[in-house]
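Visitor: Here is how the chains run, residue by residue.
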Amino acid sequence: MKTNRRDFLKVAATATGGLFIGFYWSGCDSPKMQVLTDEEVLSQAFNFNAYLAISPSGDVVIYSPNPELGQNIITSFPMIVAEELDADWSKVRVFQAALDNEKYDRQLTGGSGAMPHSWERLRKAGATAKYLLVQAAANKLGVEASELTTEKGEVFHNGKKKFGFGELVSDASKLTAPDEVMLKDPKDFKIIGTPVKNVKNKEMFTGKPLFGLDIYREGMVNAMIQRPPFGMKIKSVDDSGARSVSGVSDVIVFNNNVAVVGESTWPLLKAKRQLRIEYEPDGPIESSFDHDRIFKELLESKNAQVMRKDGDVDAAFKNAAQVITSEYQCPFLSHSPMEPQNFFAHVKGDKVELIGPTQTPDRARMETSQLLGIPKENITLELTRLGGGFGRRLRADFVVEAAELSKILDKPVKVTWSREDDMTGGAYRPAVRYRFQAALDEQGNLIGYKLRGVGINAGNATRENNFPSGSVKNLLIENIDYKSPITTNAWRAPITNFLAYAEQSFLDEVAIAAKKDPVKLRLDLLDRAKNNPVGEIHYDIDRMRGVIETAAEKSNWGKSKDVMQGFSVYFSHRSYVAQVADIIMENGQPILKKITAATDCGVVVHPTGANHQVRGGIVDGMGHAMFTNLTFENGLPRQRNFDTYRLIRMKEVPEIDVHYVDSGYDPTGLGEPALPPTGGAIANAIFAATGRRIRSQPFIEQKEFSDIKLQIRRA
Amino acid sequence: MANYNLKINGQSHQVDVEDDTPLLWVLRDHLGLVGTKFSCGIAQCGACMVHINGEATYSCTLPVSGVGSSEVTTIEGLSKDGDHPVQKAWNEIDVAQCGYCQAGQIMNAAAFLKKNPKPTLEEIENAMNRNLCRCGTYHKIREAVALAAKTK
Ligand code: FES
Ligand code: FES
Numbered sequence: 000m001k002t003n004r005r006d007f008l009k010v011a012a013t014a015t016g017g018l019f020i021g022f023y024w025s026g027c028d029s030p031k032m033q034v035l036t037d038e039e040v041l042s043q044a045f046n047f048n049a050y051l052a053i054s055p056s057g058d059v060v061i062y063s064p065n066p067e068l069g070q071n072i073i074t075s076f077p078m079i080v081a082e083e084l085d086a087d088w089s090k091v092r093v094f095q096a097a098l099d100n101e102k103y104d105r106q107l108t109g110g111s112g113a114m115p116h117s118w119e120r121l122r123k124a125g126a127t128a129k130y131l132l133v134q135a136a137a138n139k140l141g142v143e144a145s146e147l148t149t150e151k152g153e154v155f156h157n158g159k160k161k162f163g164f165g166e167l168v169s170d171a172s173k174l175t176a177p178d179e180v181m182l183k184d185p186k187d188f189k190i191i192g193t194p195v196k197n198v199k200n201k202e203m204f205t206g207k208p209l210f211g212l213d214i215y216r217e218g219m220v221n222a223m224i225q226r227p228p229f230g231m232k233i234k235s236v237d238d239s240g241a242r243s244v245s246g247v248s249d250v251i252v253f254n255n256n257v258a259v260v261g262e263s264t265w266p267l268l269k270a271k272r273q274l275r276i277e278y279e280p281d282g283p284i285e286s287s288f289d290h291d292r293i294f295k296e297l298l299e300s301k302n303a304q305v306m307r308k309d310g311d312v313d314a315a316f317k318n319a320a321q322v323i324t325s326e327y328q329c330p331f332l333s334h335s336p337m338e339p340q341n342f343f344a345h346v347k348g349d350k351v352e353l354i355g356p357t358q359t360p361d362r363a364r365m366e367t368s369q370l371l372g373i374p375k376e377n378i379t380l381e382l383t384r385l386g387g388g389f390g391r392r393l394r395a396d397f398v399v400e401a402a403e404l405s406k407i408l409d410k411p412v413k414v415t416w417s418r419e420d421d422m423t424g425g426a427y428r429p430a431v432r433y434r435f436q437a438a439l440d441e442q443g444n445l446i447g448y449k450l451r452g453v454g455i456n457a458g459n460a461t462r463e464n465n466f467p468s469g470s471v472k473n474l475l476i477e478n479i480d481y482k483s484p485i486t487t488n489a490w491r492a493p494i495t496n497f498l499a500y501a502e503q504s505f506l507d508e509v510a511i512a513a514k515k516d517p518v519k520l521r522l523d524l525l526d527r528a529k530n531n532p533v534g535e536i537h538y539d540i541d542r543m544r545g546v547i548e549t550a551a552e553k554s555n556w557g558k559s560k561d562v563m564q565g566f567s568v569y570f571s572h573r574s575y576v577a578q579v580a581d582i583i584m585e586n587g588q589p590i591l592k593k594i595t596a597a598t599d600c601g602v603v604v605h606p607t608g609a610n611h612q613v614r615g616g617i618v619d620g621m622g623h624a625m626f627t628n629l630t631f632e633n634g635l636p637r638q639r640n641f642d643t644y645r646l647i648r649m650k651e652v653p654e655i656d657v658h659y660v661d662s663g664y665d666p667t668g669l670g671e672p673a674l675p676p677t678g679g680a681i682a683n684a685i686f687a688a689t690g691r692r693i694r695s696q697p698f699i700e701q702k703e704f705s706d707i708k709l710q711i712r713r714a
Numbered sequence: 000m001a002n003y004n005l006k007i008n009g010q011s012h013q014v015d016v017e018d019d020t021p022l023l024w025v026l027r028d029h030l031g032l033v034g035t036k037f038s039c040g041i042a043q044c045g046a047c048m049v050h051i052n053g054e055a056t057y058s059c060t061l062p063v064s065g066v067g068s069s070e071v072t073t074i075e076g077l078s079k080d081g082d083h084p085v086q087k088a089w090n091e092i093d094v095a096q097c098g099y100c101q102a103g104q105i106m107n108a109a110a111f112l113k114k115n116p117k118p119t120l121e122e123i124e125n126a127m128n129r130n131l132c133r134c135g136t137y138h139k140i141r142e143a144v145a146l147a148a149k150t151k
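Protein chains in written order, with numbering that gives the first Met the number 0: chain W, 0 to 714; chain A, 0 to 151.
There may be inaccurate statements among the hints.
20 angstroms max Cα-Cα, derived EDC-like pairs, lysine to aspartate or glutamate [to be verified]:
| id | chain 1 | residue 1 | chain 2 | residue 2 |
| --- | --- | --- | --- | --- |
| 1 | W | Lys201 | A | Asp80 |
| 2 | W | Lys186 | W | Glu150 |
| 3 | W | Lys269 | A | Asp80 |
| 4 | W | Lys207 | A | Glu142 |
| 5 | W | Lys196 | A | Glu17 |
| 6 | W | Lys650 | A | Glu122 |
| 7 | W | Lys207 | A | Glu121 |
| 8 | W | Lys269 | A | Asp19 |
| 9 | W | Lys201 | A | Glu17 |
| 10 | W | Lys201 | A | Asp82 |
| 11 | W | Lys196 | A | Asp82 |
| 12 | W | Lys519 | W | Asp642 |
| 13 | W | Lys301 | W | Glu463 |
| 14 | W | Lys592 | A | Asp19 |
| 15 | W | Lys650 | A | Asp19 |
| 16 | W | Lys207 | A | Glu91 |
| 17 | W | Lys201 | A | Glu91 |
| 18 | W | Lys269 | A | Asp18 |
| 19 | W | Lys269 | A | Asp15 |
| 20 | W | Lys102 | W | Asp440 |
| 21 | W | Lys196 | A | Glu142 |
| 22 | W | Lys592 | A | Glu142 |
| 23 | W | Lys196 | A | Asp80 |
| 24 | W | Lys592 | A | Asp80 |
| 25 | W | Lys650 | A | Asp82 |
It should be emphasised that the hints constitute simulated quantities derived from the structure, not laboratory data.
Could you build all of it, start to finish, from the sequences and the hints given here?
Guide: So, in structure tokens, the structure goes:
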């Protein structure tokens, strides 16, 4: 509660920074009402805390501090504040807050962590303001606050409307905020859990400037940068061709980069192609076949890091009636958000203005501060909407280089990455290879389990405490990380985006070897984890069981002989998701028809947003498992644009049937958790339908898959 | 450099640019019409779609010299107040995630429905397959196109 009190007392000019664009699309619904402009509302509004201000007109201003990249937090966060305030949602206007360490903490988008972090804070922000408004009403009426009720922005006494919130804000803002406030019983929620429309729809669907690339400022120049291949540095640059392109004002070599600068973008795209840059080695220059060799070597290495060890694995494998060994491999992937990387920077002496799409504004400012030696306080960062992120915009490389270039040019500059720049510019999902081994006893019980992960700049390629850890008596999880000049980064559901696939496919192999139903195998293991836990358990057994049972039930698991099904379940980023893929055969041809998903993310705050994240995560997981590859030749990706880097398209997505398990827990994030289980569910269904086990991604490039001719068709 | 007189969203615009400048960059950099998006630049994703005489066209590979006297419509000019049936359906179905691809999706859908007002779901999928959505909003796009066809 302390936070709110402090925030309340700080009557800061909240209305600076941010994008002053409201979301009224329905002004015409109530033609008689006088609609104030955003500027009018903002200038009149009383600040209640860092999230909330209310104007005497009754218009409610809610600030959303976290970067918006499609997870629709810009709608769901304000819903939570408005819920506890008992606001009239039609009078709410939402603004993106600029970076502000004093008002907000954890202003970042990543790890599906914003919702669990902010749930209570946002509720209290709304509830505290409501408390004060009610108190102000009670004072005016000379009654007890407990005699008053609120609904849709109005205060009632004995069922009669007494005040609108707007009439109370001036008085309320003079009262002292309480240390404790009552929060609603979730069963009384009126806004949370309803399909509120995205507050940015009108601007998005009419082409308003919202994104970083849409930023244009007085006196600004444009720039594009040629970055070096991995493991190389610039030896010499011949920029004569580039300089001769009309519209190019400058070519600048800095920091192993070559920037072309001009008034508009097209000449820069042309000039970049005219650059003649000679590079020389600066480290190992790798190709994909090097990585394949490195994987093989390191899987045999004696020097792995032990991540978890339970029981006596050697004995278990020695006594096993059956040992199953399988290896799984994934390639690097580019994040490829539809909006390529870009940022605006203006270094003016010892002040810096930064504007653009970043998932980590704080980190971007810090790194800029470090590079330029300019104190953090002198750097402002305004967030635009992000045209996707997927983890790529957690890094600050594209911010810092823009700032550096602005300093060199002594001008405001917007750096735009071409698609090719974005795809060759690094920070990839790391390539990883796993070796799984399972020891089964005579009855097919899993008595030993080994996993070794080898990753290229993957850090820890395992998640040693995830299921099935805790359910197997003898278990060994090891990791080896190979250091490469190819840069990697978190990519939507880091590590688990492929680990889950490999592990869930392998568990399917185990089930088949043990002659057990794959769902039963998992439930039996969970029983063992519950009744005879081995070591620490880092997942909630009942919640995992809940999604497994729901997915099995909703998909009619095992009920039809004509439907070949694949099962998969994963716990990541605090949420639980189980999925079933359905394949039917038509004239001997397999057709992927449907994926059923059961999710436990606690309270579903915004059903539309949740469905978007579950379906989007599944489409993402499926597309990259099946189609997408990023391979290297001499330190450079071979795929550089969407003609060769194949992303999933509309005709390639099956029906997706989404269900939630109502566990009553506080909400957890959903930006990532639906992705990891998908590839495994599909691969297991492919096995069920065709007897082919696909152990590497992308499927379409594996020889086991080549003659299957899997079609994808919706019901 | 050459002077071009372009008909965009019912108005004429003069620009002085190189012949090979793609319409996309004329719109964005020279005319401030930034609703049309850049993503791949090689006619693969549809983020840059506009209407040329009513035909959904990739503006990233169309040189300004090839536009001539054609009528260009961008997302900004699709309707006066964002109330084109496709835009309304996009709101109703709440299609967007990040939203970056959606202007292109809407432009493609609007041109498609004009030609084929009562499409089957398969026809919708075939038409919309030209546009990538990295966020995976394909189910909602399909639903919204079907709704727009119904409410026209
Ligand atoms: S930017 Fe034109 S099709 Fe991708
Ligand atoms: S909504 Fe993000 S790319 Fe389509």
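Visitor: Now, for every hint given, state plainly whether the structure supports it.
Guide: Here's how the hints hold up against the structure:
1. A C-alpha spacing of about 9 angstroms is found between Lys201 of chain W and Asp80 of chain A, which places the hinted pair at or below 20 angstroms, so the restraint holds.
2. For the proposed pair Lys186 of chain W and Glu150 of chain W, the alpha carbon gap of about 15 angstroms is at most 20 angstroms, so the pair holds.
3. Restraint check: the Cα-Cα separation between Lys269 of chain W and Asp80 of chain A comes to about 37 angstroms, which exceeds 20 angstroms; the hinted pair is violated.
4. Among the hinted pairs, Lys207 of chain W with Glu142 of chain A is inconsistent with the structure: their alpha-carbon atoms are about 24 angstroms apart, more than 20 angstroms.
5. Distance check on the hinted pair: Lys196 of chain W and Glu17 of chain A sit about 43 angstroms apart at the alpha-carbon level, beyond 20 angstroms; violated.
6. This hinted pair checks out: Lys650 of chain W and Glu122 of chain A have alpha carbons roughly 10 angstroms apart, not beyond 20 angstroms.
7. At most 20 angstroms may separate the alpha-carbon atoms for a hinted pair to count; Lys207 of chain W and Glu121 of chain A exceed this at roughly 31 angstroms.
8. For a cut-off of 20 angstroms, the pair hint linking Lys269 of chain W to Asp19 of chain A stands: about 10 angstroms separates their Cα positions.
9. A hinted pair counts as satisfied when its Cα atoms are at most 20 angstroms apart, and Lys201 of chain W with Glu17 of chain A does not qualify at roughly 34 angstroms.
10. As the CA atoms of Lys201 of chain W and Asp82 of chain A are separated by approximately 10 angstroms, the hinted pair is consistent with the 20 angstroms bound.
11. Distance hint between Lys196 of chain W and Asp82 of chain A is fulfilled; the C-alpha atoms sit about 16 angstroms from each other, no more than 20 angstroms.
12. Taking the CA atoms of Lys519 of chain W and Asp642 of chain W, the gap is about 43 angstroms. The hint is violated against a cut of 20 angstroms.
13. About 19 angstroms separates the Cα atoms of Lys301 of chain W and Glu463 of chain W, which keeps this hinted pair within 20 angstroms; it holds.
14. Only pairs whose Cα atoms come within 20 angstroms are accepted, and Lys592 of chain W paired with Asp19 of chain A is rejected, the gap being roughly 45 angstroms.
15. For the proposed pair Lys650 of chain W and Asp19 of chain A, the alpha carbon gap of about 33 angstroms is over 20 angstroms, so the pair is violated.
16. Our distance criterion of 20 angstroms between C-alpha atoms is met by Lys207 of chain W and Glu91 of chain A, whose separation comes to about 19 angstroms.
17. Using a Cα cut-off of 20 angstroms, the hinted pair Lys201 of chain W and Glu91 of chain A holds, with the two alpha carbons roughly 11 angstroms apart.
18. Taken as a hint, the Lys269 of chain W and Asp18 of chain A pair is honoured in the structure, with Cα atoms around 13 angstroms apart against an allowance of 20 angstroms.
19. Restraint check for Lys269 of chain W and Asp15 of chain A: satisfied, since their Cα atoms lie roughly 18 angstroms apart, inside the 20 angstroms limit.
20. Distance restraint check for Lys102 of chain W and Asp440 of chain W: the Cα-Cα separation of roughly 58 angstroms exceeds the 20 angstroms cut-off, and the hinted pair is therefore not satisfied.
21. Our distance criterion of 20 angstroms between C-alpha atoms is met by Lys196 of chain W and Glu142 of chain A, whose separation comes to about 16 angstroms.
22. The straight-line distance between the Cα atoms of Lys592 of chain W and Glu142 of chain A is roughly 17 angstroms, inside the 20 angstroms bound, and the hint therefore holds.
23. This hinted pair checks out: Lys196 of chain W and Asp80 of chain A have alpha carbons roughly 18 angstroms apart, not beyond 20 angstroms.
24. For a cut-off of 20 angstroms, the pair hint linking Lys592 of chain W to Asp80 of chain A is broken: about 39 angstroms separates their Cα positions.
25. At roughly 28 angstroms between alpha-carbon atoms, Lys650 of chain W and Asp82 of chain A are farther apart than 20 angstroms, so this suggested pair is violated.
Of the numbered hints given earlier, the model fails hints 3, 4, 5, 7, 9, 12, 14, 15, 20, 24, 25; all others are met.
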